[in-house]
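Taking the hints into account, I'd like the entire structure generated from these sequences.
Here's the letter readout for the chains.
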Amino acid sequence: MEFLLATVLKIALVMGLVLLAVAYLTWLERKVIGDMQVRFGPSRVGPFGLLQPIADAIKLMFKEDIIPAHADRVIFLLAPALTLVPALIIFAVIPFGPSFVITDVNIGLLYVFAVASLGVYGIVLAGWASNSKYALLGGLRSSAQMVSYELSLALSVIGVVMWTGSLSLVEIVEGQAGSWYGIVPRWNIFPQFFGFLIFLVSSNAELNRAPFDLAEAETELVAGYHTEYSSMKFALFFMAEYANMIAAGALAATLFLGGWQGPFLPPVIWFLLKVFAFIFLFVWLRATLPRFRYDQLMRFGWKVLLPAALANVMVTAALLA
Amino acid sequence: MVPLWAYLLLSAFLFMVGVVGVATRRNALIIFMAIELMLNAVNLTFVAFSRFLHSLDGQVFVFFVMTVAAAEVAVGLAIIIALFRTAETVNVDEVRLLKG
Amino acid sequence: MEWIFFLAFGLVAAVAAVAMVLQRSPIYSALYLILALFAQAGLYILLGAELIAAVHIIVYAGAIMVLFLFVIMLLDLGRTDRSPARVKPVGVIVGTVLAGLLLAELAVGVGPQIVLGPRGAYDPEVLRTVGNTRAVGRILFREYLIPFELTSLILLTAMVGAMVLAKRKVE
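Protein chains in written order, with numbering that gives the first Met the number 0: chain V, 0 to 320; chain F, 0 to 99; chain R, 0 to 170.
Read the hints as simulated data drawn from the structure, not as lab findings. Among these hints, one or two may not hold up.
Pairs of lysine to any residue residues, derived as SDA-like cross-links and limited to a Cα-Cα distance of at most 25 Å, are as follows [what the hints assert, rightly or not]:
{"id": "1", "chain 1": "V", "residue 1": "302", "chain 2": "R", "residue 2": "161"}
{"id": "2", "chain 1": "V", "residue 1": "302", "chain 2": "F", "residue 2": "74"}
{"id": "3", "chain 1": "R", "residue 1": "166", "chain 2": "F", "residue 2": "81"}
{"id": "4", "chain 1": "R", "residue 1": "166", "chain 2": "F", "residue 2": "77"}
{"id": "5", "chain 1": "V", "residue 1": "30", "chain 2": "V", "residue 2": "57"}
{"id": "6", "chain 1": "R", "residue 1": "168", "chain 2": "F", "residue 2": "84"}
{"id": "7", "chain 1": "R", "residue 1": "166", "chain 2": "V", "residue 2": "188"}
{"id": "8", "chain 1": "V", "residue 1": "30", "chain 2": "V", "residue 2": "231"}
{"id": "9", "chain 1": "V", "residue 1": "9", "chain 2": "V", "residue 2": "170"}
{"id": "10", "chain 1": "R", "residue 1": "168", "chain 2": "V", "residue 2": "136"}
{"id": "11", "chain 1": "V", "residue 1": "132", "chain 2": "R", "residue 2": "159"}
{"id": "12", "chain 1": "R", "residue 1": "166", "chain 2": "V", "residue 2": "295"}
{"id": "13", "chain 1": "V", "residue 1": "132", "chain 2": "R", "residue 2": "167"}
{"id": "14", "chain 1": "V", "residue 1": "30", "chain 2": "V", "residue 2": "45"}
{"id": "15", "chain 1": "V", "residue 1": "132", "chain 2": "V", "residue 2": "64"}
{"id": "16", "chain 1": "V", "residue 1": "9", "chain 2": "R", "residue 2": "44"}
{"id": "17", "chain 1": "V", "residue 1": "302", "chain 2": "R", "residue 2": "159"}
{"id": "18", "chain 1": "V", "residue 1": "302", "chain 2": "V", "residue 2": "147"}
{"id": "19", "chain 1": "V", "residue 1": "9", "chain 2": "V", "residue 2": "97"}
{"id": "20", "chain 1": "V", "residue 1": "132", "chain 2": "V", "residue 2": "237"}
{"id": "21", "chain 1": "R", "residue 1": "166", "chain 2": "F", "residue 2": "48"}
{"id": "22", "chain 1": "V", "residue 1": "132", "chain 2": "R", "residue 2": "66"}
{"id": "23", "chain 1": "R", "residue 1": "166", "chain 2": "V", "residue 2": "57"}
{"id": "24", "chain 1": "V", "residue 1": "302", "chain 2": "V", "residue 2": "188"}
{"id": "25", "chain 1": "V", "residue 1": "302", "chain 2": "R", "residue 2": "44"}
{"id": "26", "chain 1": "R", "residue 1": "166", "chain 2": "F", "residue 2": "94"}
{"id": "27", "chain 1": "V", "residue 1": "62", "chain 2": "V", "residue 2": "29"}
{"id": "28", "chain 1": "V", "residue 1": "58", "chain 2": "V", "residue 2": "97"}
{"id": "29", "chain 1": "R", "residue 1": "166", "chain 2": "R", "residue 2": "154"}
{"id": "30", "chain 1": "R", "residue 1": "166", "chain 2": "F", "residue 2": "67"}
A few chain V residues facing chain R, derived, Cβ under 7 Å [to be verified]:
{"id": "31", "residue": "106"}
{"id": "32", "residue": "109"}
{"id": "33", "residue": "110"}
{"id": "34", "residue": "112"}
{"id": "35", "residue": "113"}
{"id": "36", "residue": "116"}
{"id": "37", "residue": "119"}
{"id": "38", "residue": "123"}
{"id": "39", "residue": "127"}
None of the values given here were measured: they were computed from a predicted structure. For every residue, glycine included, the Cβ atom is placed at its ideal position computed from N, Cα and C.
This is the structure:
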């Protein structure tokens with residue numbers, strides 16, 4: 000009974016923090032992109048624009064909720080939820096501190112990939128249920144891109160699994176304890192550097208973020224799969240995208256950067272710093288790089304990243320043998 | 000501890016639902032999905048037996064069944080796409096003539 | 000406790016399967032099948048096969064059903080099936096009666112008197128210590144190595160076949 004109560008409390012804490020982080024990630028992104036484009040980001044609503052997410056939330060809540068004429072009502076309402084739920088339940092297996100993990104499943108990494116592959120459904124169903132050309136094409140393109148890059152994402156991580164010998168995220172973090180020669184920490188980024196790079200690129204593509212965001216760029220397909228969505232459903236899609244971004248950053252920190260490990264500061268602070276570094280990197284990429292054309296994107300995923308990930312697995316296997 | 004026959008009964012039920020689906024529906028895609036349901040019912044039987052016979056051969060076989068099912072779905076859907084291009088329908092009742 | 004989970008997952012799987020067969024629109028059928036697959040993954044976890052449950056979700060719910068949805072949407076077959084050829088009620092009745100007969104025979108004739116053969120080596124306690132993934136991996140790459148390689152050939156053949164079949168003929 001106590002176990003149940005403790006777990007429920009942990010879930011509530013993590014979910015609350017994630018949702019709060021998602022809201023303020025929108026602020027952070029706009030501020031950082033603004034700074035990189037030599038302008039202020041949001042700065043009017045509250046000090047430094049810190050109340051901007053709240054203003055956005057209020058605006059979205061009061062917007063008119065439109066459902067297109069011949070849209071499939073049930074699926075139209077279901078799709079945003081189907082996108083947000085997988086984004087949130089990834090956090091169930093990520094270790095935030097030495098004993099602060101909601102559940103330590105011994106197939107933790109497989110669970111993460113299972114849940115990540117479920118994120119495709121919300122997008123493809125949203126595109127179809129909107130009964131609109133732009134939405135359908137955008138949804139199909141987005142989901143085809145996500146499915147293609149899932150392969151290299153999973154393969155890039157197999158090197159880490161081979162190196163650690165376990166699929167459990169807690170054990171992967173604990174396998175990165177200690178250091179070589181007392182200076183260089185035993186983080187997986189050093190033996191698995193190519194895996195790390197492939198993971199970064201694949202997770203960018205998996206998140207439908209720049210430079211791989213053709214399917215939702217305003218100049219291309221109106222707004223892609225969420226063209227016909229308004230008000231809270233649109234907010235759910237956005238929350239899902241940012242929650243996925245935080246999850247990708249948390250995964251990268253856990254798998255390659257040693258999770259919560261670090262010398263002086265408390266473990267949770269280290270973890271948050273590493274996740275913040277990755278989120279900053281994702282926002283930086285968005286502000287800096289032009290986007291890929293769709294066929295360039297697919298060609299890159301299948302002909303460059305997938306062979307590179309396979310080569311990484313083979314070289315790691317050869318080195319471990 | 001749920002006994003073995005409960006799992007077997009459930010998977011037999013799922014299998015029969017799949018068979019009825021294949022036999023009665025006319026839409027090629029739904030027939031395909033019913034076939035997938037049958038394969039899954041068999042998978043459930045394998046895993047149940049693997050647990051109660053304390054052997055992992057059942058789970059290994061489930062791996063193979065899943066692989067073959069994935070391959071079959073890929074080829075089957077390609078066939079349906081090719082069929083749709085010529086016949087303009089996926090209703091299996093309307094595709095009776097060998098001539099294109 | 001385990002019975003509650005089994006009944007919950009089993010009921011969801013059974014109802015979703017029946018709903019899948021009865022739907023008019025292929026998209027709703029696909030969605031109900033995904034629900035049935037989820038319930039089945041829950042049953043796998045109940046049976047202690049965690050690796051199989053995760054792989055089941057990744058392969059079936061995450062890839063195969065997405066493929067189904069793609070094909071349905073690309074060929075625009077999602078609207079309700081209004082084709083004139085209706086399902087003959089005779090077929091449904093005969094099918095349901097036969098299915099009921101099979102289930103009844105199983106429940107009465109086989110059911111609780113099932114007698115199992117000799118046990119293997121992997122009882123649940125051993126599995127809990129060794130780990131399901133590790134044990135399955137060991138067997139897969141030692142005793143079942145040749146079937147494993149053969150399945151990779153099957154997948155290659157299927158890939159090539161699917162690409163050739165679905166290609167547009169260049170006039």
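Status of each hint after checking the structure:
no., hint, in the structure
1, 302(V) x 161(R), "holds (19 Å)"
2, 302(V) x 74(F), "holds (22 Å)"
3, 166(R) x 81(F), "holds (8 Å)"
4, 166(R) x 77(F), "holds (9 Å)"
5, 30(V) x 57(V), "holds (20 Å)"
6, 168(R) x 84(F), "holds (11 Å)"
7, 166(R) x 188(V), "violated (41 Å)"
8, 30(V) x 231(V), "holds (23 Å)"
9, 9(V) x 170(V), "holds (20 Å)"
10, 168(R) x 136(V), "holds (23 Å)"
11, 132(V) x 159(R), "violated (31 Å)"
12, 166(R) x 295(V), "holds (20 Å)"
13, 132(V) x 167(R), "holds (22 Å)"
14, 30(V) x 45(V), "holds (14 Å)"
15, 132(V) x 64(V), "holds (20 Å)"
16, 9(V) x 44(R), "holds (23 Å)"
17, 302(V) x 159(R), "holds (16 Å)"
18, 302(V) x 147(V), "holds (11 Å)"
19, 9(V) x 97(V), "holds (14 Å)"
20, 132(V) x 237(V), "holds (21 Å)"
21, 166(R) x 48(F), "violated (42 Å)"
22, 132(V) x 66(R), "holds (20 Å)"
23, 166(R) x 57(V), "violated (49 Å)"
24, 302(V) x 188(V), "holds (24 Å)"
25, 302(V) x 44(R), "violated (36 Å)"
26, 166(R) x 94(F), "holds (21 Å)"
27, 62(V) x 29(V), "holds (22 Å)"
28, 58(V) x 97(V), "violated (40 Å)"
29, 166(R) x 154(R), "holds (18 Å)"
30, 166(R) x 67(F), "holds (22 Å)"
31, 106, "holds (5 Å)"
32, 109, "holds (4 Å)"
33, 110, "holds (6 Å)"
34, 112, "holds (6 Å)"
35, 113, "holds (4 Å)"
36, 116, "holds (3 Å)"
37, 119, "holds (5 Å)"
38, 123, "holds (6 Å)"
39, 127, "holds (5 Å)"
In the structure shown, a violation is registered for the earlier hints numbered 7, 11, 21, 23, 25 and 28, in ascending order.
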